[in-house]
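Chemist: With the sequences and hints as input, model every part of the structure.
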Amino acid sequence: MKKILVLYGSPMPRETSISTILMDYFVKEYQESHPEDEIISLDLNMEPMSTLPLTSANLGSFYNEELSDKYINLLKSVDKVIMNAPMINFNVPATVKNFFDRISVANKTFSYKYAKNGSSIGLLDHLKIQIIATQGAPLGWYPWASHVNYLEGIWNFLGAKVNPTVLLDGVKAEPLNTKSKQELLELKKNELASLAKEF
1 MKKILVLYGS PMPRETSIST ILMDYFVKEY QESHPEDEII SLDLNMEPMS
51 TLPLTSANLG SFYNEELSDK YINLLKSVDK VIMNAPMINF NVPATVKNFF
101 DRISVANKTF SYKYAKNGSS IGLLDHLKIQ IIATQGAPLG WYPWASHVNY
151 LEGIWNFLGA KVNPTVLLDG VKAEPLNTKS KQELLELKKN ELASLAKEF
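Residue 116 in UniProt numbering sits at position 116 of the sequence shown, with consecutive numbering throughout.
There may be inaccurate statements among the hints.
The calculated lysine to aspartate or glutamate pairs, modelled on EDC-like cross-linking and capped at a C-alpha distance of 20 Å, are [to be verified]:
#1 K2 - D37
#2 K161 - D125
#3 K197 - D37
#4 K189 - E29
#5 K128 - E191
#6 K3 - D79
#7 K28 - E183
#8 K172 - E15
#9 K2 - D24
#10 K3 - D69
#11 K181 - D69
#12 K188 - E29
#13 K188 - D169
#14 K128 - D24
#15 K197 - E32
#16 K108 - D69
#17 K172 - E186
#18 K97 - E152
#19 K197 - E36
FYI, nobody ran anything at the bench for these hints, they're computed from the structure.
Modeler: Encoded structure:
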């Protein structure tokens, strides 16, 4: 039996968040293919750390046990992570960035010890990651903006194995901006179902 952590990263209401609708479908397909696995859900919007970003005022207490080790220990206790993230102003939502700020701690989730110059060793190498992302603009409209690259890059830095990301782009542009949430889900159902079975 595997333990699966489902991270809700979208700040949008669950019933209107396209990335959440896609992720919920992925989780449903995953559960059907892996009924013995345990699902643990964590809505980052509901966590105290989500409203407490790193500032000069809290630098000394930011990485405390309650708001940092709690999430690191959770990641160390699970086998896989499924997470969603829409693009917000060309990057990940603040809740997701706060989460990564909390868990990216030297000698806990990564280390420079025994690493070659200019590299690091990720300490979350037992994890397998599935990212489900959306963005309003079609891919390539803003070449300098890629929240997917950031998400894949930081998980790789932490040593995790990243599955191919599911990205639904252009949801705020024609022709996708006229489609219903269900129609948007239909566009990705086959990809989501296929990846869920293999994950």
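Chemist: Hint by hint, say whether it matches the structure.
Modeler: Each hint, compared with the structure:
The suggested pairing of K2 with D37 holds, with an alpha-carbon distance near 5 Å, which does not exceed 20 Å. Distance check on the hinted pair: K161 and D125 sit about 7 Å apart at the alpha-carbon level, within 20 Å; holds. For the suggested pair K197 and D37, the alpha carbons sit about 13 Å apart, so the restraint of at most 20 Å is met. A hinted pair counts as satisfied when its Cα atoms are at most 20 Å apart, and K189 with E29 qualifies at roughly 10 Å.
Proposed proximity of K128 and E191 is supported: the alpha carbons are some 18 Å apart, at most 20 Å. Pair hint K3 plus D79 holds up; C-alpha atoms about 5 Å apart against a cutoff of 20 Å. Under the criterion of a C-alpha separation no larger than 20 Å, the hint pairing K28 with E183 is consistent with the structure, at around 18 Å. Proximity of K172 to E15 is assessed by CA-CA distance (about 17 Å); at most 20 Å being required, the pair is judged to hold.
Under the criterion of a C-alpha separation no larger than 20 Å, the hint pairing K2 with D24 is consistent with the structure, at around 18 Å. For the proposed pair K3 and D69, the alpha carbon gap of about 19 Å is at most 20 Å, so the pair holds. As the CA atoms of K181 and D69 are separated by approximately 37 Å, the hinted pair breaks the 20 Å bound. For a cut-off of 20 Å, the pair hint linking K188 to E29 stands: about 13 Å separates their Cα positions.
Restraint check: the Cα-Cα separation between K188 and D169 comes to about 11 Å, which is no more than 20 Å; the hinted pair holds. Restraint check for K128 and D24: the C-alpha separation of about 18 Å stays at or below 20 Å, so the hint holds. A C-alpha spacing of about 8 Å is found between K197 and E32, which places the hinted pair at or below 20 Å, so the restraint holds. The suggested pairing of K108 with D69 holds, with an alpha-carbon distance near 9 Å, which does not exceed 20 Å.
The straight-line distance between the Cα atoms of K172 and E186 is roughly 17 Å, inside the 20 Å bound, and the hint therefore holds. Pair hint K97 plus E152 holds up; C-alpha atoms about 13 Å apart against a cutoff of 20 Å. Straight-line distance between C-alpha atoms of K197 and E36 comes to about 13 Å, which keeps the hinted pair within the 20 Å bound.
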